[in-house]
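If you're matching them up, the sequences are chains Y and F in order. Counting along the first sequence from 1, when you hit position 360 you're at 360 in our numbering, and nothing is skipped either side. Counting along the second sequence from 1, when you hit position 31 you're at 31 in our numbering, and nothing is skipped either side.
By construction, these hints were calculated from the structure, which means they are not laboratory data. Treat the hints with care, since some could be wrong.
No distinction is drawn between identical chains; accordingly, a pair holds when it is met within one copy or between any pair of copies.
As the list claims (entries may be wrong) - Listed below are the simulated PhoX-like cross-link pairs for lysine-lysine, each with C-alpha atoms no more than 20 Å apart in a straight line:
hint, residue 1, residue 2
1, Lys280, Lys227
2, Lys264, Lys280
3, Lys280, Lys261
4, Lys108, Lys322
5, Lys261, Lys250
6, Lys108, Lys264
Letter by letter, the chains look like this.
Protein chains: 2
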Amino acid sequence: LALKGSNYAGLLERHRIHTKNVEHIVDSLRSERIEVRLVKRREYNEETVRWADAVVSAGGDGTMLLAASKVFDKFKPVIGVNTDPERSEGHLCLPVRYTHSFHEALQKLYRGEFRWQWRQRIRLYLEGTGINPAPVDLHEQQLSQEQHSRAHINERIQDQRSDISGPHLLPVRALNEVFIGESLSSRYAVCSVLFRENFKSCKPSFKFSLHRASYYEISVDDGPWEKQKSSGLNVCTGTGSKAWSYNINKVAHQAVEEILKIAKKHGNLNMPLNMELVQKVTNDYNESLLYSPEEPKMFFSIREPIVNRVFSSSRQRGFSSKVCVRSRCWDACMVVDGGTSFEFNDGAIASIMINTEDALCTVLLEE
Amino acid sequence: LALKGSNYAGLLERHRIHTKNVEHIVDSLRSERIEVRLVKRREYNEETVRWADAVVSAGGDGTMLLAASKVFDKFKPVIGVNTDPERSEGHLCLPVRYTHSFHEALQKLYRGEFRWQWRQRIRLYLEGTGINPAPVDLHEQQLSQEQHSRAHINERIQDQRSDISGPHLLPVRALNEVFIGESLSSRYAVCSVLFRENFKSCKPSFKFSLHRASYYEISVDDGPWEKQKSSGLNVCTGTGSKAWSYNINKVAHQAVEEILKIAKKHGNLNMPLNMELVQKVTNDYNESLLYSPEEPKMFFSIREPIVNRVFSSSRQRGFSSKVCVRSRCWDACMVVDGGTSFEFNDGAIASIMINTEDALCTVLLEE
């Protein structure tokens with residue numbers, strides 16, 4: 001790693017800090033005579049969740065998403081502690097000062113100096129027309145974070161699909177968002193190429209991959225179907241409105257400045273275009289993209305919509321209670337919280353909505 | 001296809017139209033006693049290009065990109081004919097009326113009623129620190145568009161890399177853009193899941209994939225290096241300023257309307273906020289993103305920049321002569337014109353620039 005220019009010493013140090021923080025949390029819990037099971041990703045499963053009265057994630061926001069992904073019980077609290085404040089924003093975790101004084105957080109919980117916060121989550125129904133009536137043949141592989149190798153063989157036979165009549169509720173709940181789009185490296189071949197300069201000894205690998213725009217049809221709140229082409233569709237919760245959705249929809253002050261300049265010229269306005277106004281407008285606009293995690297509504301937005309003779313998008317974003325998507329994609333997926341993906345190819349229909357029964361129970365400590 | 005809800009009849013019809021259009025082009029050329037070799041994608045190679053005096057692509061913009069990708073001779077004209085006007089914008093092709101009267105285009109060429117248009121292209125240099133001195137072991141596979149199967153085995157041995165000292169000029173020239181970002185489905189495992197409702201007969205495949213933000217460092221026009229985290233970096237030509245770059249950077253009138261509303265409130269302005277003004281400002285702004293294909297300058301833009309305590313991006317977009325990128329990515333690639341990709345992982349450094357020697361020769365017919 002060091003040879004490649006990576007900061008190995010920094011990596012090691014962050015691991016040391018994280019380990020120390022985890023020990024602190026465990027010690028704080030055990031000193032209150034609370035029974036603690038400390039598990040890593042691989043060992044974290046629904047049986048462990050069933051055993052627990054509450055779940056504490058020790059890591060960053062990603063770890064919190066993973067922790068939440070196995071909790072389906074509305075009354076099982078999940079608390080996140082940010083053990084990696086250098087690298088993670090921790091917006092799903094407790095304020096960062098509790099990382100080093102977790103006992104203080106526990107005291108507040110004992111004294112009732114907190115309130116329950118229910119973060120609404122999204123559920124997904126999937127159905128498809130014309131699926132062949134045969135079981136899907138799968139290979140079960142252990143989930144391995146360290147498995148860098150691309151030597152992956154997927155022997156799933158394409159035309160053996162289950163005969164599913166009616167929409168199927170998928171066993172996941174999105175805490176941040178569901179994203180629908182084409183995979184980047186969907187089909188590729190590896191070719192060796194000889195450089196013109198004749199470097200026969202070095203043959204870099206070329207992957208001929210297709211980056212395709214995603215083509216689908218969308219219906220919002222049972223409205224009319226609209227054909228769209230874009231770089232993907234994002235449907236988020238209030239929690240997720242701070243995450244990827246925010247990055248898709250926020251504007252840069254560079255862009256706001258340019259827009260206001262053009263408006264000033266066209267509207268012949270007497271507007272003092274200073275940095276202060278530009279920054280204020282930018283901040284206000286970006287803040288309007290955020291809303292409470294507890295609101296049972298979704299925000300959908302289309303990433304890089306392609307508008308031309310063939311495709312239009314009358315509504316590129318907005319709030320909704322229900323979003324239906326019909327895939328016309330070649331090799332797309334639905335990605336939940338950036339961690340779980342489902343095939344979503346031509347013929348598949350997804351129905352996306354919030355059901356308050358799926359809410360995740362977290363805590364908001366009094367300050 | 002029809003069972004899945006796809007429009008098979010429509011697909012067949014478009015193929016019929018395309019085939020007819022191709023015949024028309026070939027007939028028009030042969031009636032002028034021009035020798036024509038008609039090749040499909042698989043047969044199109046540098047030998048064929050060498051044989052030809054000029055290349056005519058018959059398809060959409062994608063076919064034009066493919067045609068251009070094998071032409072490195074500045075004086076070998078490449079002409080695009082849009083045989084699929086229903087599906088392709090054809091902004092790289094001749095105006096759509098020549099599709100049905102190609103002989104008219106040929107007459108203009110004979111009479112000199114045209115001018116040469118040189119579309120500037122981007123070249124890429126790649127270098128890396130600490131690459132092991134051993135040849136890369138590759139499997140050569142035929143490029144196959146019909147190959148849907150995911151049964152892909154990549155036996156490339158990770159640690160056998162060439163010892164390349166100094167930057168390596170890659171044998172590609174980007175006509176539209178170079179895009180740098182993390183692959184979506186970089187590492188995944190397939191797990192079978194039993195539904196709670198106990199549908200044992202149907203086990204959908206879950207791909208646990210990681211969608212990561214891209215982490216890299218960027219230096220513009222030999223300026224200071226800046227760490228950035230985003231959904232990727234796009235560097236385009238004037239030709240490409242109408243393509244993906246446009247979709248990344250354009251604003252929706254919904255957003256402009258909201259921005260002007262906020263500006264009006266904050267600036268206490270007496271501005272009539274009507275649809276006409278909003279549309280005008282939106283169009284002007286979006287048009288400012290486009291520039292001539294013949295200008296030897298690049299436009300870089302960062303897609304969904306992540307700005308927080310750790311990462312900032314002082315310049316999210318702009319024109320430049322040279323862009324250098326140092327990868328800190330896990331499993332990223334550089335994608336050229338959406339069709340060719342190169343590994344671009346932690347330790348690799350890319351230098352991106354325009355050299356007028358790499359321009360693509362096309363024609364602009366007089367109207």
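Do the hints match the structure? See the list:
1. In this assembly of identical chains, the alpha carbons of lysine 280 and lysine 227 never lie at most 20 Å apart, being 36 Å within a copy and 26 Å across copies at closest.
2. With identical chains, the CA atoms of lysine 264 and lysine 280 are at most 20 Å apart both within one copy (17 Å) and between copies (12 Å).
3. Both within a single protomer and between protomers do lysine 280 and lysine 261 lie at most 20 Å apart by alpha-carbon distance, with minima of 15 Å and 12 Å respectively.
4. Taking CA atoms no more than 20 Å apart as the test, lysine 108 paired with lysine 322 passes in neither setting, with 38 Å inside one copy and 55 Å between copies.
5. In this assembly of identical chains, lysine 261 and lysine 250 lie within 20 Å of each other by CA distance both inside one copy and across copies; the values are 19 Å within and 16 Å between.
6. Taking CA atoms no more than 20 Å apart as the test, lysine 108 paired with lysine 264 passes in neither setting, with 53 Å inside one copy and 45 Å between copies.
This entry does not satisfy hints 1, 4, 6, going by the numbered hints stated previously.
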